[in-house]
Amino acid sequence: MTTPIIETRELHKWYSGVHALKGVSLKVESGEAVGLVGDNGAGKSTLINILSGLHHQDSGDVLVEGRPADIRSPKDAMRLGIETIYQYNSMVPLMTISRNVFIGREPLKWSIWGIGILDERKMREESVKAIADVDLHLRSPDALVGELSGGQRQGVAIARAMHFKSKVMILDEPTNHLSVKETAKVIGFVKGLKAQGVTSIFISHNMHHVFACCNRIVAMALGKVVLDKPAAETSIEEVSALL
Amino acid sequence: MRRLVKLAMQKPELASAMLLLLLVVLFQFRSDGVFLSVNNVRGFLGLLPETALVAVGVTLLMISGEFDLSVGSVFALMPMTMAVLVVAGWPFWVAVMLGLMLCALIGFLNGWLTIRFDIPSFITTLGMLFMARSLTVVISGGFPPRIKPGEVPSWIFVGFVDEGGLIRASVLWFIGIAIGMSLLLSRTNFGNWVRATGGFLPAAAAMGIPTGKVKIACFMICSVLAGFAGMIQSLRLNSFLPSLGEGMELQAVAAAVIGGTSLYGGVGSIIGGLIGAILIRVIDNGMVMSQVDGNWFKFAIGALTIFAVVGNAWLRRRGRAMKVETDK
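Residue numbers (our numbering), protein chains in the order written: chain X, 1 to 243; chain V, 244 to 571.
Just so you know, these hints were derived from the structure itself, not from any lab.
Incorrect hints may appear among the rest.
[Claimed, not checked] Take a look, some chain X residues computed to stay more than 10 Å from chain V by CB distance:
hint, residue
1, L63
2, P74
3, T84
4, G116
[Unchecked claim] Straight-line alpha carbon distances no greater than 20 Å define the calculated SDA-like cross-link-like pairs of lysine to any residue that follow:
hint, chain 1, residue 1, chain 2, residue 2
5, X, K122, V, K254
6, V, K456, X, D142
7, V, K254, X, T96
8, V, K254, X, D142
9, V, K456, X, I117
10, X, K109, V, G423
11, X, K75, V, K456
12, V, K456, X, K122
13, X, K109, V, L427
14, X, K75, V, G451
Positions of the beta carbon are idealized from the N, C-alpha and C atoms, including for glycine.
So here's chain X without its partners, still in its complex pose (with noise of 0.2 Å):
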C-alpha cells in the first residue's frame, strides 16, 4: 500500500468546553477525491482547519506523505502543499484577479527583508495562464473580483491552488450560494483536478454534489468518523441515514 498523503491519528479537538473532535483518524490517498459530509457541528470544518493552519489540534498528529507535520499557520500548511478554499471565499473583492491570485506569494522584482517591487507584468501573464488552465476564459487580470460572478471566484482561487502547485486542495463548501449552472461549473473544476492527478478533499451539505465528483465518500457525526467507503459502494441514502 503506498503512503496516504494525508494522514490524521486521533485527533482531538476542544472549543472552550465542547469537544469538537473526537478522535479522528482518516488516511487520504494521492489522487484521491474524497467527500466529506456531516451536519452542523459534525467535526468537518474543525477537521478542515487543522489541516490548513487556522487552529491546532489539542492531541493527535497528522503526517503529511508519511512525515509527521506540525501545521502552525495558513503558510505552514501552503508549503506542504495544502491549499484550502473556503466557503467565503478566499479573495478580496476590492482587488484585481491578478492581484488576488498572488496574495501573500508575490512574485518581486528585488526586495529587502522581504519587502519589494512587485513584478506585475509577470503577475498578470501568469494569472491569465493559470486562469486558461482550469478552463476559466476571463477578459483581463486586471478586473476586480469583485465584478466575478460566484463561480467565477472559485475557479479563480482554484486556478490559483494549481498555479502554486498544491498536492491537496481542499473545498470547504465551494458550492454554497452558487446558482445551479455555477455548481456545475465547480463540479467540473473539481473534476478536472481528478484527472490533473491533485487530491482534493470536498465538504458539502449536499450530498448530490458530493456523489457527482467524489470517489470516496466520508461521513462525520458528532466529531466522529461515522461511514469512510468508496463513493461506489455507498449511497446517498445510506450515508443520509447516519447523520
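Could you slot chain V onto chain X? The hints should help.
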C-alpha cells in the same frame, strides 16, 4: 470609451481633483487674484506639507482597516520631546531620532493593543490621544522650551529652497515622502498586504498574510509621519507648544475620506488623501482670501466630508452598475 468612463467613476479621487480645480478658479476670481499671489501661495505651501503628511499616514492606516485618533497629540509630542532634549544639551539629530522613535513606539502600542486585545482602534487611539497630549504638557514642565533661531539646523526641514522664497524644504520632504508612500502602497507586496488586510481580513489571513504585523506597521508609519509633520511645523514657527495639532486627527480623517478612502478599509489611495488635504487647505485659505467669515470653515469641511462620502458611494455604485463584459 465606456470602460474609461466606468474606470473614472470608480476612482473617487478624480471627482475630488475636479472639485479642487473648480474651487481654485472660484477663489482666485472671488479674491480678485489674491488667492494665487506669491505671498498667499507662500503661506499656503508652508502649512500644506504639515497637514498633508498627517493625512497621508492616516490614509494608509485607514486602507489597512484601522483608525488613529492620536495623530494630533503625537504631532505635538514629537517636537516637544525633541525640543526638551535639545535644551537639555543633546545633539539635534539625536533628539530628532529619539523623537521619531518615540512616535514609532506610540504607533506600535496603538497597533499592538488593538490587535492583541481585539479592541476597536477607535478606543485604543482615543486613549492614546489623551495620554500623548498629557505627556506633552508634562515634559514641557508647563513652560514651552525655547530654542534660539539658528541654534539648530532647521533650514534642512523648513528653509526656503528657491531664490524667491516661495518653496520651503518641507515641500520637498513632503513630495518625497508622499511619492514613497504611494509607491509603497501601489507597487510593493507590502502594499498588496495592506489592501488585502483592509479589504477582506479573513481572506488575507487565510492566504498567510501576517495581518496583525501589517496593521501594526501601518500604525507605526502613521505615528511617525504625524510626529515628523509636527516637528516641521514647530521648526517653521520656531515655537514648541503643548497645544499644537489639536483637532488635527479629525481633519486628517476628513481629508482621507474626502479623497475617497473608506472607513471600512481596503479602499483608497495616497493621492486621494493628498487631494483631500489640499482641498481642506484651499477651502480654509480661499475663504479667508475671499473675505468670507472664517467661522464658516468647519461648516464647509463638515459638509464636504458628508457630500464626498455620499457622492463617492453613488459614483461607485453607478460605476459598478455600468456593464462591461468580463467573460470572453
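Each hint tested on the structure:
Interface exclusion of L63 (chain X) from chain V stands, the closest Cβ pair being 21 Å apart, more than 10 Å. Once the 10 Å rule is applied to beta carbons, P74 (chain X) is inconsistent with being away from chain V; the minimum gap is 4 Å. For T84 (chain X), the shortest C-beta to C-beta distance to chain V comes to about 7 Å, within the 10 Å cut-off, and the non-interface label is violated. Non-interface call for G116 (chain X) relative to chain V: violated, since the shortest CB-CB distance, roughly 6 Å, does not exceed 10 Å.
Proposed proximity of K122 (chain X) and K254 (chain V) is contradicted: the alpha carbons are some 25 Å apart, above 20 Å. Between K456 (chain V) and D142 (chain X) the alpha-carbon distance is near 27 Å, which puts this suggested pair outside the 20 Å criterion. Distance check on the hinted pair: K254 (chain V) and T96 (chain X) sit about 14 Å apart at the alpha-carbon level, within 20 Å; holds. Distance hint between K254 (chain V) and D142 (chain X) is fulfilled; the C-alpha atoms sit about 15 Å from each other, no more than 20 Å.
For the hint linking K456 (chain V) to I117 (chain X), the alpha-carbon distance of about 19 Å falls within 20 Å, and the restraint holds. Using a Cα cut-off of 20 Å, the hinted pair K109 (chain X) and G423 (chain V) holds, with the two alpha carbons roughly 17 Å apart. Among the hinted pairs, K75 (chain X) with K456 (chain V) is consistent with the structure: their alpha-carbon atoms are about 15 Å apart, no more than 20 Å. The hinted pair formed by K456 (chain V) and K122 (chain X) fails the criterion: a straight-line CA distance of about 27 Å is larger than 20 Å.
With a C-alpha separation of about 14 Å, the suggested pairing of K109 (chain X) with L427 (chain V) holds against the 20 Å cut-off. Annotation: proposed proximity of K75 (chain X) to G451 (chain V) holds, straight-line Cα distance about 5 Å (limit 20 Å).
Against the hints set out earlier in the document, violations occur for numbers 2, 3, 4, 5, 6 and 12.
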